Amino acid sequence: MNKQMRATTTTDLATGTGIKVDGLTKTFRLQKSIVQALDNLTLVAPYKKVLTLLGPSGCGKTTLLRSIAGLEVPDTGEIQIGDKLVFSSDRKVFLPPNKRNISMVFQSYAIWPHMTVFSNVAYPLQVQKVAKGEIKRRVAETLAQVQLDGFEQRPATKLSGGQQQRVALARALVARPRVLLFDEPLSNLDAKLREEARKELRGFLTELGISAIYVTHDRLEALTISDVIAVMNAGKIVEIGTPKGIYYNASAKFVVSFLGDVNLVEGEIIRRHDGLTFVQSPLGEIACKASPTLPVGTRGTLCIRPEVFEIATDAPNEGQNLLHCTVDQLLFTGEAYEAEVTIGDTQLSVTLSSFTDVRQEDTISLFADPERCRFIGEQ
Amino acid sequence: MKPRLNMKPHAGGKLYVPSLFLLVAVLTATPVVMLLIGSFTEGLGAFGNFTIEKYVDVYSDIHLVRILLNTLIFILGTASFSTLLAYVLSYLTVRTDMPFKGITKTLSIVPMMIPHILLAVGWMLLFNPSNGMLNLAFRNLFHSHWTLFNIYSLAGMVFVEGVLDMPIAYLIISPAMASFDPSKEEASWVSGASNWYTLRKITLPILKPALLASFTLVLVRSLASFAVPATIGMPGQVYVLSTYIYRIIAVGYATDYGRAAAVGLVILVMSTFFVYVYRRLTSASEKYVTVSGKGYRPAVMKLGKYKFVATGIVGFLLLFLIVLPVVTLFYTSLLPYVMLPGARAWSLISWSNWNSVLHDPISLRALRNSVFLGVVGATLGVTLSIFIAYAIVRIRTRLSGLLENLTFLSYSFPGIVIGIGFMWAFVRTPLYATLGALLIGYIATYLPYGVRPLTSAFIQIHQELEESSRVCGASFFGTLRRIVLPLIVPGVVSAWILMASMFLRELSLSVVLSRPGTEVLAVQILNFAADSLWGKVAALGMIMILISTVLVIIATLIGTRFSKNRV
Chain A
41 MNKQMRATTT TDLATGTGIK VDGLTKTFRL QKSIVQALDN LTLVAPYKKV LTLLGPSGCG
101 KTTLLRSIAG LEVPDTGEIQ IGDKLVFSSD RKVFLPPNKR NISMVFQSYA IWPHMTVFSN
161 VAYPLQVQKV AKGEIKRRVA ETLAQVQLDG FEQRPATKLS GGQQQRVALA RALVARPRVL
221 LFDEPLSNLD AKLREEARKE LRGFLTELGI SAIYVTHDRL EALTISDVIA VMNAGKIVEI
281 GTPKGIYYNA SAKFVVSFLG DVNLVEGEII RRHDGLTFVQ SPLGEIACKA SPTLPVGTRG
341 TLCIRPEVFE IATDAPNEGQ NLLHCTVDQL LFTGEAYEAE VTIGDTQLSV TLSSFTDVRQ
401 EDTISLFADP ERCRFIGEQ
Chain B
3 MKPRLNMKPH AGGKLYVPSL FLLVAVLTAT PVVMLLIGSF TEGLGAFGNF TIEKYVDVYS
63 DIHLVRILLN TLIFILGTAS FSTLLAYVLS YLTVRTDMPF KGITKTLSIV PMMIPHILLA
123 VGWMLLFNPS NGMLNLAFRN LFHSHWTLFN IYSLAGMVFV EGVLDMPIAY LIISPAMASF
183 DPSKEEASWV SGASNWYTLR KITLPILKPA LLASFTLVLV RSLASFAVPA TIGMPGQVYV
243 LSTYIYRIIA VGYATDYGRA AAVGLVILVM STFFVYVYRR LTSASEKYVT VSGKGYRPAV
303 MKLGKYKFVA TGIVGFLLLF LIVLPVVTLF YTSLLPYVML PGARAWSLIS WSNWNSVLHD
363 PISLRALRNS VFLGVVGATL GVTLSIFIAY AIVRIRTRLS GLLENLTFLS YSFPGIVIGI
423 GFMWAFVRTP LYATLGALLI GYIATYLPYG VRPLTSAFIQ IHQELEESSR VCGASFFGTL
483 RRIVLPLIVP GVVSAWILMA SMFLRELSLS VVLSRPGTEV LAVQILNFAA DSLWGKVAAL
543 GMIMILISTV LVIIATLIGT RFSKNRV
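Taken in order, these protein sequences are the chains called A and B.
Using the numbering used here, you'd call the opening residue of the first sequence number 41 and step up by one each time.
Using the numbering used here, you'd call the opening residue of the second sequence number 3 and step up by one each time.
For the record, the hints were derived by calculation from the structure and aren't laboratory data.
A portion of the hints provided could be inaccurate.
Taking lysine-lysine pairs in the PhoX-like style, the calculated list, with each CA pair at most 25 angstroms apart, reads [as the list claims (entries may be wrong)]:
id, chain 1, residue 1, chain 2, residue 2
1, A, LYS198, A, LYS232
2, B, LYS203, A, LYS132
3, A, LYS72, B, LYS107
4, B, LYS203, A, LYS169
5, A, LYS60, A, LYS276
6, A, LYS89, A, LYS276
7, B, LYS304, A, LYS72
8, B, LYS203, A, LYS172
9, A, LYS124, A, LYS60
10, A, LYS172, A, LYS139
11, A, LYS72, B, LYS307
12, B, LYS203, A, LYS176
13, A, LYS72, B, LYS309
14, A, LYS60, A, LYS89
15, A, LYS89, A, LYS239
16, A, LYS276, A, LYS124
17, A, LYS198, A, LYS176
18, A, LYS88, A, LYS172
19, A, LYS124, A, LYS89
20, B, LYS107, B, LYS309
21, A, LYS88, A, LYS60
22, B, LYS103, B, LYS309
23, A, LYS72, A, LYS239
24, B, LYS304, A, LYS132
25, B, LYS107, B, LYS304
26, B, LYS107, B, LYS307
27, A, LYS172, A, LYS60
28, A, LYS60, A, LYS284
29, A, LYS139, B, LYS304
30, A, LYS198, B, LYS304
31, A, LYS198, B, LYS203
32, A, LYS139, B, LYS203
33, A, LYS72, B, LYS103
34, A, LYS132, B, LYS309
35, A, LYS329, A, LYS284
Just so we're clear, the structure is a prediction, and the values are computed from it rather than from any experiment.
Model the full structure from these sequences, guided by the hints.
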C-alpha cells in the first residue's frame, strides 16, 4: 500500500504522449478588478489516463480546460496535445478548437434542440465528411455504447436530463478524438442519477483507454472517476497524484481539507523511527507519516480523517496512537455514527460504525492507524 | 386535463368569466361582423340590400394589382430590414463586450415611444425631393441638381417603417439571443466545425423561431401601418392597401364605405393569418428553451480592436435613425418655412408656429380630445384589462383560454380597417361622431397592450397569497381589491402608460372615426401635413411628445407613491 501511494510524482505520469501545458498564464478583466485565472501553470496529463482538475469555484480549472479546448486564448505559455503544438505565445501559434481533434462534454450538455438524437451524434462525422453509410454505422454503434439504441429519431428536446447527458457523451465519443474533455458533466443531474452516472462513466473511461481531462468541484466525483487528480487553487496546481495517494498523503493543508473532512491538530516532530514520524501534540504523542525531508523539531499540523479512527478493543502496539476521549455528541446518519469527541481541550470529529455500541458522554478508546495519519510541516 | 374542481375556489365569481367573455366578444367581434355586412351593402345607411357589387368593383380594378404589389414589397421589405437591424443590434448588445451597451439598448426601443407619424415627418423633412434638408445640403455641397435620396418612394417607406418597427423585432430577438447557451456553438467548434458552418447549422437554426416570429410580427405591423404610407407614400403616389382604403373613404367626392369594407376584409384575413403563424412560432421557440445548467453564463465575445468600430457604427446608426429626425422636427417647429441651418435661419427663429397652433381652435380641441381619450380611455382600458388578465392567469378554464385568444385577436386588427367596421356599427346610433365612439374603438383595438403587462404581473404573484386571504374569510372580490390589486401596481402603471401613450397618438383608427368636433391630435397633424404646413406639424408634434412625457411622469409618480404607502 505504501509503495503505491508514493508513486505520485509527475515524472512517473509523463510516460506516453498526453497533454503538456507549460507556463500558462491568463488574466481576466472583470469590470475594474483583474482576475488571475491561470498563474504560470504547468501540467502534464498522462497518455490514455483520466486526469481530473479539482478545485473550488474560481480556481481556474474551467479556464484551463477551455484553454486546452481552444475556446479561450491564454496570455502566455504553451499547450501541446500529443505531439502537436496547439498554442504557443512565443511562436504565435493558436489552433482554433475545430482543428485540435478533441471533443468536449459541456456542463449544460449543449444538445442542439433543433436536431434529432441521430443528427446530434452524427454531427462531428458530417463535419469530417465521412461517408453516409459509415456515419450511420458508427452512430448506431456509439448510441448502443451509451445505451441509447432505438432513440435515433427522437427529437433532442424530448429527452430527460440523464439521456441528454448520454447524447452529449455519444457525440463526444463518435469521432474517436485524441482527447476527451469534460466540464463538470454531472453537475446538472440530481443526486441519485449522478451517483449512477459516475459509476458508469468510470467504467466507460477505463474500458476506452482514452486520454481525458475532467473538471469538477465535487471531490467524490474526482476520487471515483480519475486515474490522476490535480488539485487547483488560485490559478495554480497545488498537488497532483493518484486519488488514494492524494487523499491520505497530500502535502498541502489546502488539499487535505478540500478533499474531505479532516481533524487538524498543531504539533511538533520529536523523533523518527522505523519509517514513522512521532509528533508531540495536544492528543499526546502520535505516530504518523511525514515527508522525510522535515527535520526533528519542525512545527506543523497533524491531519487525521474522521474515518481513520476505530474503537480500540485491546491495546495494539503498546498503546501507540491510542486516544481516551469523551463522546460529546453522537449523530446517527444511517450508514454510520458521526461523533464529536474531546480529548483534553481538543475536539475531534470521528466516524464510527453504526453498529458500535456507544452513547453520549461515554468514555471510549480510539485507535488511529499511523500509516493513515499525516503530518504537514509549516511552510 | 385538470378536473373541474379547479372552479370551486372561485365560486364567488361564477359569472365572472362568462360576462367578461361576452363583453370582449362584443368589443372585438362587432367591427368584424359589421365590416362583413358592410362589404355586401350599397353604402352607409343602406343596410339590408345585399349586393356583391362592391367586391366586383374592387377586384376588377386593374390598379389593385399595382397596389397589392406595392403592399407586398412594402411589408416584406420592412420585415426583412427590421429583423436584420434588430439581429445586428441584439448580437452586439447581448453577445459582445461593446461599450455603452445600456444606452444602445435604451435607444433601440426609443422609436416605439415616439409617435410614428412624427418620426415619419422628421424623415420627410430630411429627405423629400424638393426641399428635404439633407437633399438641399447635398445639392449645395456639390452644386448639382441631383437628389441624394427621394423618400417619397417604396424604398423610403421600407426604410422608415423598418426603423419604426425595429424595436418590436429587437424585443423578440434579444431575449432569444440572451437565453442562447453559447456552449451550443462551442460544442460545434470542438466537433470540428468552422465558424461559418456553425452559424449555418447551429446558431441560425436555433434562433430561427425567434427570427421568424419577429419577421411575421413586423409583417402584421407594417400591413396595418398607416402613418408612414400616408405621410411619405401618398405624396409620391405610392399607394398600399391601407392608404388605398383611406383614398376610398376620405379623398374626393365619392366616398364609398362598401368598397372600403371589401378591401379591408382581405387585409383582416391576411393579418389574422400572420398572427396565427406568429403564435405558432412563439410556442415553437419555447420548445427550444432547453435546460440550461447551473453553470450557464452567456459567454461574451471579445471585440478587441473592433470594439470602437462597432461602437462607432452603432452610435452613428442610432443617432442617424432616431435622434436626427426628432431634432429636425424641433428645429422646423421654430422656423416659418423649411431651410438649412445658418445665419438666416438663426435670425428667423421664433415660437410663432407654437403660438399659432395654440391659438387655433381646432388644434386646441384636438388637444383636449386627445388628452381626454388618453386619460379616460387608459383608465377604463386598464380596469377591463385587470379583470381579463386575472381571468386568464388565475381562473384556468376552457372559456378563459378562449378569452385570451379573443383578446389577442385584436393584435391582428389594422386600425383603419377596424375603424371602418366601427363606422358601420356606429353610423345609425347616437354614438356616431362622438368621443364615445372613439373611446370604444380605442379600447377594443388596443386591449392587448393593457392585458399583456398585467398577465405577466399576475403570473409573478404567488397564488398562495390569494388563497390565504380567502382562508381568512375575505370574499372573491374583496381579495381582488385588498390583496391582488396592491401587489400588481407596477403592472397597472406600465399598462396605463402604454395605453395612454397609444391613445394620445392614435391615428389609423381615428382617421376614420374622427369627425368635426371630435378631432384628435394625430389626425390634425396629418391634415397640417396634407397642406404642407410643416412648421405647424412640427410644433403640434412637439406638443404631443411633451404631453405624453408629462403623462408618463405623473403616472410613474402616482405608482411609486402608491407602492410606498403599502410598505
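Hints, one by one, checked against the model:
1. LYS198(A) with LYS232(A): Holds: LYS198(A) and LYS232(A) sit about 21 angstroms apart, inside 25 angstroms.
2. LYS203(B) with LYS132(A): violated, 30 angstroms
3. LYS72(A) with LYS107(B): holds, 22 angstroms
4. LYS203(B) with LYS169(A): holds, 14 angstroms
5. LYS60(A) with LYS276(A): This hinted pair holds, its Cα atoms lying about 15 angstroms apart.
6. LYS89(A) with LYS276(A): holds, 21 angstroms
7. LYS304(B) with LYS72(A): holds, 16 angstroms
8. LYS203(B) with LYS172(A): Roughly 18 angstroms between the alpha carbons, so the hint for LYS203(B) and LYS172(A) holds.
9. LYS124(A) with LYS60(A): This hinted pair holds, its Cα atoms lying about 10 angstroms apart.
10. LYS172(A) with LYS139(A): Roughly 22 angstroms separates the two Cα atoms, so the pair holds.
11. LYS72(A) with LYS307(B): Holds, at about 19 angstroms.
12. LYS203(B) with LYS176(A): Distance ~19 angstroms between LYS203(B) and LYS176(A) Cα, so the pair holds.
13. LYS72(A) with LYS309(B): At roughly 18 angstroms apart (the allowed maximum being 25 angstroms), LYS309(B) and LYS72(A) satisfy the hint.
14. LYS60(A) with LYS89(A): Within the cut-off at roughly 14 angstroms; holds.
15. LYS89(A) with LYS239(A): holds, 16 angstroms
16. LYS276(A) with LYS124(A): Holds. LYS276(A) to LYS124(A) sits at ~24 angstroms (cutoff 25 angstroms).
17. LYS198(A) with LYS176(A): holds, 21 angstroms
18. LYS88(A) with LYS172(A): violated, 30 angstroms
19. LYS124(A) with LYS89(A): holds, 18 angstroms
20. LYS107(B) with LYS309(B): holds, 16 angstroms
21. LYS88(A) with LYS60(A): holds, 13 angstroms
22. LYS103(B) with LYS309(B): Cα-Cα ~12 angstroms, so holds.
23. LYS72(A) with LYS239(A): violated, 43 angstroms
24. LYS304(B) with LYS132(A): Holds, because 19 angstroms separates the two Cα atoms, which is no more than 25 angstroms.
25. LYS107(B) with LYS304(B): holds, 18 angstroms
26. LYS107(B) with LYS307(B): Given pair LYS107(B), LYS307(B) holds - Cα atoms ~22 angstroms apart, limit 25 angstroms.
27. LYS172(A) with LYS60(A): Outside the cut-off at roughly 36 angstroms; violated.
28. LYS60(A) with LYS284(A): Between LYS60(A) and LYS284(A) the Cα gap is close to 24 angstroms, so the pair holds against 25 angstroms.
29. LYS139(A) with LYS304(B): holds, 21 angstroms
30. LYS198(A) with LYS304(B): violated, 34 angstroms
31. LYS198(A) with LYS203(B): holds, 20 angstroms
32. LYS139(A) with LYS203(B): holds, 18 angstroms
33. LYS72(A) with LYS103(B): Given pair LYS72(A), LYS103(B) holds - Cα atoms ~17 angstroms apart, limit 25 angstroms.
34. LYS132(A) with LYS309(B): Roughly 23 angstroms between the alpha carbons, so the hint for LYS132(A) and LYS309(B) holds.
35. LYS329(A) with LYS284(A): holds, 15 angstroms
In summary, the structure is inconsistent with hints 2, 18, 23, 27, 30 from the numbered list given earlier, while agreeing with the others.
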